[in-house]
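Dock chain H against the given chain X, drawing on the hints supplied.
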Amino acid sequence: MLMRLISGDRPRSRILTLVLLAIFLGLLFAPFLFPGVRALETAARISIFILLAASYDLLLGYTGVVSFAHTMFFGMGAYGVGLASQHMGRGFGPLILGSLAAAVLAAALAFIIALFSLRVRAIFFAMITLAVASAVAVLVSQLSSITGGEDGFTFQIPRALGPANRMGEVMGVNITGKILNYYVVFFISLALFFVLLRIVNSPFGTVLKAIRENDFRAEAIGYRVVRYRTIATCISAAMAALAGSLFALWLRYVGPETTLSFEIMLDLLLMVVIGGMGTIWGAAIGATVMVLAQTYLQDLMGSAADATMAIPMLSRLLDPDRWLLWLGVLFILSVYFFPSGIVGRLRGGR
Amino acid sequence: MTDLLQTQDLTVRFGGHVAVDAVTCAFRAGELTAIVGPNGAGKTTYFNLISGQIPASSGTVRLMGEPIDRLSASERCRRGLGRAFQLTSLFPGLSVLENVRLAIQAHRPVRGSLFSMATSHEALTTEATSVLERVRLDNVRDQPVSELSHGNQRKLEVAMLIALDPKVYMFDEPTAGMSADEAPVVLDLIAELKADTDRTILLVEHKMDVIRTLADRIIVLHNGELVADGDPAEVMASDVVQEAYMGKGLSDV
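Top line first, the protein sequences correspond to chains X and H.
So for the first sequence, UniProt numbering puts the first residue at 1; every next one is plus one.
So for the second sequence, UniProt numbering puts the first residue at 1; every next one is plus one.
No lab work stands behind these hints, which were simulated from the structure alone.
Just so you know, even glycine gets a beta-carbon here, dropped at the ideal spot from N, CA and C.
Any given hint could be a false lead.
[Claimed, not checked] Sample of chain H residues with no beta-carbon within 10 Å of chain X, all distances over it, derived: (1) 31; (2) 89; (3) 119; (4) 192.
[Claimed, not checked] So, partial list: chain X residues that the calculated Cβ filter (under 8 Å) puts toward chain H: (5) 124; (6) 126; (7) 127; (8) 199; (9) 203; (10) 205; (11) 206; (12) 209; (13) 210; (14) 213; (15) 214; (16) 216; (17) 217; (18) 219; (19) 221; (20) 222.
Okay, chain X solo, but in the shape it has when bound (with noise of 0.2 Å):
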């Protein structure tokens, strides 16, 4: 039953498994183990982000695709939660029409990219998503009539799922709306999770693996590679999508900041590097300790200043407002230290 649920692609390391374990439990239990809004603020990051990363690598790791456009898809996901929930009122209806629309539009508009571009060399789809992800973004902060601009918007979204909505007490716990609206999202992430580990080992993701690994020889053996690279993309960018749509609902706001910078790009983009390309696995890792370090490094410094006031240099070098600094020293160190990822270097220090 496990084995059919994560496709039979175990974790191969018994450190690993335990990571994914602590990770998966920490989040089903995130509302009972770490009580406080930020805490359950980051758990919904960290779910989202897993999905999200997850659905990066099977472009990026699987089929050696890169794109820059796939946060434009998570903010397809989110605009479509968002608009759908601001014109048709409050109800699981619209959030349900909107986020599926938009997975649909998300993955045509792929497919139009995909086609026009796919067909060339991989770079050159590269920078077709970098030119129309940056339009879109330039779009959206124009059409401000309609997205809100570079403010965005806030909507409302069914009762139930708000703080209002209060449930009793489980374990010393308030459950209210919003620790309902934790758990669909979480559970809506890891369901998505789940078909994207079973999508990498299928038989056609052992294509995408081979297109990965030789290009030539699969078109040789008589796969149409260009059509394979086309629906993964297309695949990828309604998985992004339906992200998009969660955080919007978890957010309860969008806007071009949350959904459409070029930073949330480059974050996914280290989440699937520092957990590891091409094994699905390393985007929950890559997610957590990627969302985590962003939250909690700067508390983290902030103590680490403080203990270490007498000594001048350091304590400055620890200077809270210097996080960025070391996020990027640990990314540094990780790409060294872990060329193929963390799930790469627990599974055979290769």
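Positioned in the frame of chain X, the structure of chain H alone reads:
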């Protein structure tokens, strides 16, 4: 006997250099044709033109009577043109079994390609294993290809072609770099394939003893031109072939 594969005036130019020059030739079912010629004669290029790896400058390739010039390499393969490569070209990060399974899956689409587990298609695995048994690679089937010896990689190259189950087999020096005890496995296998009379086999080969035992017919390429075609013993004795090998007897090569 019917012609499975024909090339007519097949030509390719690279700049001013004519690598394959108006080669017209037909390959019949149930026949093994050895393609010989000195290095740089255009043998591999001729293969590349037939299997669609490079486009021809002019001329036509017909597979079972149909022109296939406009088709991509993958479409040609799906129509029954199978090709093994001189420089091993495999999927190094995947296992031996996965490599062969991919070749089978290419011409026999599986149900639920997207949402079923690759390992759950047992018929595919069984068939792949039986192909591996034929080249004696079943004992390393779960190893990644990158860890195989050179000889075993060459065998896998042949296994991939057999797994495609094509109408036309194209072997490009299948035993190059194999040790003396490994080569017979591959050569016996090619001899076995010959017994199937609906297929045709094209074999680029340098080793004369191999050609003598396997070939029904020899064609000789020299500077891209077809200079001789016929019965092995006759062709090898002909002046034009002796000339092509720069005065050396073919039997000495």
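Structure-based check of all given hints:
1. Against chain X, the non-interface label of residue 31 of chain H holds: every CB pair exceeds 10 Å, the least being about 23 Å.
2. The claim that residue 89 of chain H lies off the interface is violated: its Cβ sits roughly 5 Å from the closest Cβ of chain X, which falls inside the 10 Å cut-off.
3. Interface exclusion of residue 119 of chain H from chain X breaks down, the closest Cβ pair being 6 Å apart, not more than 10 Å.
4. The non-interface label for residue 192 of chain H is consistent with chain X: the shortest C-beta to C-beta separation is roughly 21 Å, beyond 10 Å.
5. Interface hint at residue 124 of chain X: violated, since its Cβ lies 19 Å from the closest Cβ of chain H, which is beyond the 8 Å cut-off.
6. Checking residue 126 of chain X against chain H by beta carbon gives a least distance of about 22 Å; that is not within 8 Å, so the hint is violated.
7. With its C-beta approaching chain H no nearer than about 24 Å, residue 127 of chain X sits outside the 8 Å limit, and its interface hint is violated.
8. Proximity of residue 199 of chain X to chain H holds as hinted, the smallest CB-CB distance being about 6 Å (cut-off 8 Å).
9. The interface hint given for residue 203 of chain X holds, since its Cβ lies 5 Å from the closest Cβ of chain H, which is under the 8 Å cut-off.
10. A distance limit of 8 Å between C-beta atoms decides the matter here; for residue 205 of chain X the minimum to chain H is near 7 Å, and the interface restraint holds.
11. Evaluation of the residue 206 of chain X hint against chain H yields a held restraint, the C-beta minimum of about 5 Å falling below 8 Å.
12. Taking 8 Å as the C-beta cut-off, the interface hint given for residue 209 of chain X holds, the closest approach to chain H being about 6 Å.
13. Because the beta carbon of residue 210 of chain X sits about 5 Å from the nearest beta carbon in chain H, less than 8 Å, this interface hint is met.
14. The criterion of a C-beta within 8 Å of any C-beta in chain H is met by residue 213 of chain X, whose closest approach is roughly 4 Å, and the hint holds.
15. Nearest Cβ of chain H to the Cβ of residue 214 of chain X: about 5 Å, under the 8 Å cut. The hint holds.
16. Contact between residue 216 of chain X and chain H, as hinted, is supported at the beta carbon level, the nearest pair being about 6 Å apart and thus within 8 Å.
17. The beta carbon of residue 217 of chain X is positioned within 8 Å of a beta carbon in chain H (closest approach about 5 Å), and the interface hint is therefore held.
18. For the restraint placing residue 219 of chain X at the interface with chain H, the shortest Cβ-Cβ distance is roughly 5 Å, inside the 8 Å limit, so the hint holds.
19. Taken as an interface hint, residue 221 of chain X checks out: its beta carbon lies about 5 Å from the nearest beta carbon of chain H, inside 8 Å.
20. Proximity of residue 222 of chain X to chain H holds as hinted, the smallest CB-CB distance being about 4 Å (cut-off 8 Å).
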